[in-house]
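> Put together the whole structure using the sequences plus the hints.
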Amino acid sequence: MTREIRIALTGNPNVGKTTLFNALTGSRQHVGNWPGVTVEKKTGRINRNGYEIEVVDLPGTYSLTAYSADEIIARNFLLDEKPDVVVQVVDATNLERNLYLTTQLSELRVPVVIALNMADMAEAQGDAIDRARLSEFLEIPVVRTVGTRGEGLDTLLEAAIKEAKTSPHHEHTVGYGDDAEAKIVTLVDALSADRNLAKRYPLRWLAVKLLEGDENVVSKVREGPASVRVQSILSSIDADEYEAVMADKRYEAIAAILPQVHRTDPKGTTFSDMVDRVVTNRYLGIPIFLALMWGAFELTFTVATPFMTAIDTLVVWLAELAVASIEPAWLGSLIGDGIISGVGAVLIFLPNIFILFLILAFLEDSGYLARAAFIMDRPLYAIGLPGKAFIPMLIGFGCNVPAIMATRSIESEKDRLLTILVNPFMSCSARLPVYVLFAGAFFGAQAGGVMFFLYVLGIVVAIVSAKLFRSTVLPGDVSPFVMEMPPYRLPTAMTSLMHMWSRGSMYLRKAGTIILLGAMVVWALASFPYGVEYGSAESFAGMLGHLIEPLVAPLGFDWKVAVALIFGFLAKEVVVGSLGVLYGTGEETLSEALLADPGLSAATALALMVFVLLYMPCVAALGVIKKETGSWKWTGFAVAYGIVVAWVLAFVVGHLAPFFIGGA
Amino acid sequence: MTGDLCPLALLSAGTEATVADIRAGKGMQTRLFGMGFCPDARVKVQCANRGSLIVSVGDARYALSRGIAMKILVGCAKGVA
Amino acid sequence: MSDGIKVLFGAVLGVLYVAFGLLQFILAAFGPVESLEALLIPGDIFSGFVLLVIGTVLLTGARKLSGGAADGMPFIYVGILLSVGFGLVELLALCALGADAYLVGEWADWSVMDTITPLLYLAVLGVLGFLAWGREFLRGIRAA
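Chains as they are written, first to last, in my numbering: chain X, 1 to 664; chain G, 665 to 745; chain C, 746 to 889.
Among the clues, some could well be false.
[What the hints assert, rightly or not] Label pairs and their computed distance ranges (CB to CB):
#1 Gly448(X) - Asp748(C): 40 to 46 angstroms
#2 Ile237(X) - Gly812(C): 51 to 57 angstroms
#3 Phe453(X) - Gly812(C): 39 to 45 angstroms
[As the list claims (entries may be wrong)] The calculated lysine-lysine pairs, modelled on DSS-like cross-linking and capped at a C-alpha distance of 30 angstroms, are:
#4 Lys414(X) - Lys690(G)
#5 Lys414(X) - Lys41(X)
#6 Lys809(C) - Lys708(G)
#7 Lys708(G) - Lys467(X)
[Stated by the list, open to error] Only part of the chain G face toward chain X is listed, based on derived beta-carbon distances under 8 angstroms:
#8 Phe697
#9 Gln710
#10 Arg725
#11 Ala727
Think of the hints as simulated: they come from the structure by calculation, not from any bench. Computed from a predicted structure; not experimentally measured. Even for Gly, the Cβ is constructed at its ideal location relative to N, Cα and C.
Right under this line is the structure:
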């Protein structure tokens, strides 16, 4: 007979909670959203000892106050949902700070088990932690775990099950000093008048929070009968001062225990710190970063090449096979020319994206990227962007979809919105096929230089747009930069690969759905009305193009380009595929066909590339923008702004280019 | 403890100090407490660059921009830049 | 390992990196130079920049260490790490391009010599430094 247990997983950020969660739940995970907010909710299931266990991964927090959405979610879950047991993942190399959260958990009167994670790193440092004694002092079971190696998981689960089934639970609290304690007593007394509250929450906890000035609790109390008396008590005190005092007391309590359970070599300045001196050096910091970025892109482009060649050959062969062997002819064409070629054009860039994400994952997991964010904070601040915008911008070079999702780490809503709005100007990998085609065809040996110019242009537009938005639609100061610097470590292959996969799979999903759909739509519009020549001016695609043509004529684009751009709305990769259809050629001969077209010159090609670089995010990215901002207004703004900027700059570039290209 | 207080941002690399006060908004203050920047906490500046710092508090390391480092006040007994 | 050897190593390797970096800039600006062909230096300003950065880090380390500063060693270590790291990048790039040439059928035309750059061969010296002092360095990282 199975019984159900619910475990809430909590802990500070950067303690390996996610790794532990993955190790515990494996593939039986479900990712969703906490209602009403854009914070990710992960739950998983395990079967152990006849129990069916649900594990809920709460957001990582330093404490349980009402400052951020993450903390409120964690706290509300613990109070309202009343999980059977809470497992706090503690970083064994950072006990002091981690225990701060423990003191707050204890006050919630929930059963707690501590997973003393990263025990391997603590031991490697020469630290010795007396788990038994620590457990005694805290009155909480402490289990040694190493998430990355899967050690201690069984013991942890058993301890959790045991704790969940034991009752009653001892409320272990910190003494806040005579003055505060006296106030707490009066508050508890006042609160007891509110039966509702008393039933749902531990009164002492409520009192403590009121004393700290917790907005969330204050509003809860305000709705009930205890309100008046509580308000009068609170109005006579300075909440800020009490909060500081109480934080102090908590740390004091921790400091009293720590020396008795934790034996560690005194570490003044560690090697990690010394490396930081080099990496964050005033003059060398940014150059080192730029050099590493060059290395990342160089590696991405070169190592991806053989894979791309292999995929290309495979796709072409499959497409020809399909067209040749599938009856009836129209179906063969749909599958061969439409689906396989269309999707194939996208798959070719898969190695590119995955390798870039792998390198980024490696840099992130090693701890370097946190330092890079710190180094870039100052220049980003000058533009009006928060330092934490840095990592999402980097990811944007791979694909804007995971990049925009990565902006969740930015606390301020305004800063976050700003980052999301300028992110699409980071030239994602989807635009590469267009650059490669046109730069390759029209600029020959200079193609590399042209592509570099485009990437830089994207960055410049992002910078200017950020400044523009800051001074007009999104005024305000950039919020201050505070970020934890995890110690440097050599990431395991597994961790980095999984990290790469979680981002890269978003791109795959997009390719699998939207682009597939897009390829079929392109094919359909090009093949009908029935009997028309595939991709000619008489097909629906052609008619659509002629309709739009006047709008893009000043840029030098003809109807074929117009159609391709419209399809590019679905996914920028589709631009190349649709051009192939419209010019009636396969991938290889497309460049020749383009060169032969009298309407297209090197200048217009450049204008076209600029347009593709800048004009609105693709459907997938727009979907994420809507989801993350929750607003149609801003999503629409992103589209409109993108199109306007693209049109203007394409116009300028197209007309200025002939002056520069002639000599090159 | 002497009455002299100065912002953390002004300290140079290698200096240690004790946190005295935090002059920031409520939310930031609470967050900093949770991270370890509590009155009487010992901090050490590891890297300093025109006000932006990487400091260690206990076993943890944090990067702070100049803006926030100016709001954390510490006792300036010795080693001030 | 005495500090003196490290200072010398850092200084020499640093000068080499900076010199080759500058040469790459010069070649990029003025085109190929007959007498330097054998050194296989591409006229690429980007990898030239990287060479300059590595060289500067090493020279800074050498300077600080010779002056007795505590943070001299980290600069040299990081310099060595960068040297080896970028050497690896170039090596991987070389293998990848070779594999691609093979797949495309241009294997006969492709030559390893075309893709060897200073960023790759100077790294050999970096590797020597890593072998000599690497263990100290890595132990330091894990203990951090």
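> Against each hint, give a clear statement of whether it holds in the structure.
Hint-by-hint comparison with the structure:
1. Gly448(X) - Asp748(C): 40 to 46 angstroms: holds, 44 angstroms
2. Ile237(X) - Gly812(C): 51 to 57 angstroms: Given about 56 angstroms between the Cβ atoms, the range holds.
3. Phe453(X) - Gly812(C): 39 to 45 angstroms: holds, 43 angstroms
4. Lys414(X) - Lys690(G): Given pair lysine 414(X), lysine 690(G) holds - Cα atoms ~19 angstroms apart, limit 30 angstroms.
5. Lys414(X) - Lys41(X): Cα-Cα ~23 angstroms, so holds.
6. Lys809(C) - Lys708(G): holds, 22 angstroms
7. Lys708(G) - Lys467(X): At roughly 35 angstroms apart (the allowed maximum being 30 angstroms), lysine 467(X) and lysine 708(G) break the hint.
8. Phe697: Where the cut-off is 8 angstroms and the nearest Cβ of chain X is about 4 angstroms from phenylalanine 697(G), the hint holds.
9. Gln710: holds, 4 angstroms
10. Arg725: holds, 4 angstroms
11. Ala727: For alanine 727(G), the interface hint holds, since the closest Cβ of chain X sits about 4 angstroms away, which is under 8 angstroms.
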